[in-house]
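Could you put the whole structure together from the sequences, leaning on the hints where they help?
The sequence shown lines up with residues 1 to 136 when you count with our numbering.
Simulated from the structure, these hints should not be mistaken for laboratory data. Any given hint might turn out to be false.
Stated by the list, open to error - Derived SDA-like pairs (lysine to any residue); straight-line CA-CA distance at most 20 Å:
| no. | residue 1 | residue 2 |
| --- | --- | --- |
| 1 | 47 | 111 |
| 2 | 47 | 98 |
| 3 | 107 | 11 |
To be verified - Label-pair restraints from in silico Cβ distances:
| no. | residue 1 | residue 2 | range |
| --- | --- | --- | --- |
| 4 | 65 | 118 | 40 to 46 Å |
| 5 | 45 | 21 | 21 to 27 Å |
| 6 | 26 | 4 | 21 to 27 Å |
| 7 | 65 | 119 | 43 to 49 Å |
| 8 | 42 | 92 | 16 to 22 Å |
| 9 | 67 | 21 | 14 to 20 Å |
| 10 | 22 | 113 | 40 to 46 Å |
| 11 | 114 | 34 | 24 to 30 Å |
| 12 | 5 | 61 | 20 to 26 Å |
| 13 | 111 | 30 | 17 to 23 Å |
| 14 | 97 | 18 | 21 to 27 Å |
| 15 | 61 | 4 | 20 to 26 Å |
| 16 | 95 | 34 | 23 to 29 Å |
Ideal placement from N, C-alpha and C gives every residue a C-beta, glycine not left out.
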Amino acid sequence: MSTRDPLIRVTAMPSDTNPYGGVFGGWLMAQMALGAGSLASRVGQGKAVVVSATDFAFPGAMAVGDELSVYCEVLATGTTSLTIAAEALARERNGEATIKVAEGTYKFVLIGDDGRPRAIAEPETLLLAKDNHSGQ
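Below is the structure:
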């Protein structure tokens, strides 16, 4: 997943830390949700809301000042939903070394103007949108 353009790129700040001084896992999950939500809205061509977040792992640590990049990919589609994998990589502030700091899966439901779930685009349209918006 890391060869595509990032959907989110942000620098970790002191307010993003846990009581032990490391970057808070909840902050990482929130950044990943923003990236995944951006992809879901683009591919689904409308409003998309997160309904679940699963399979999270935090294999590396990130320091204040490091740059976080979030990469996402559509894994599956349902009648009204998209399942999206998110991967977060941290780059040292003063270098080029990167490490994976988090990964997880989000499920989004597409919402219509009436606030109710709506069907995704036709499969051909969805595949074209996925190819155009996920950086592949």
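Hint check against the structure, violated hint numbers in rising order: Checked against the structure, the hints that fail are numbers 2, 3, 5, 8, while the rest are satisfied.
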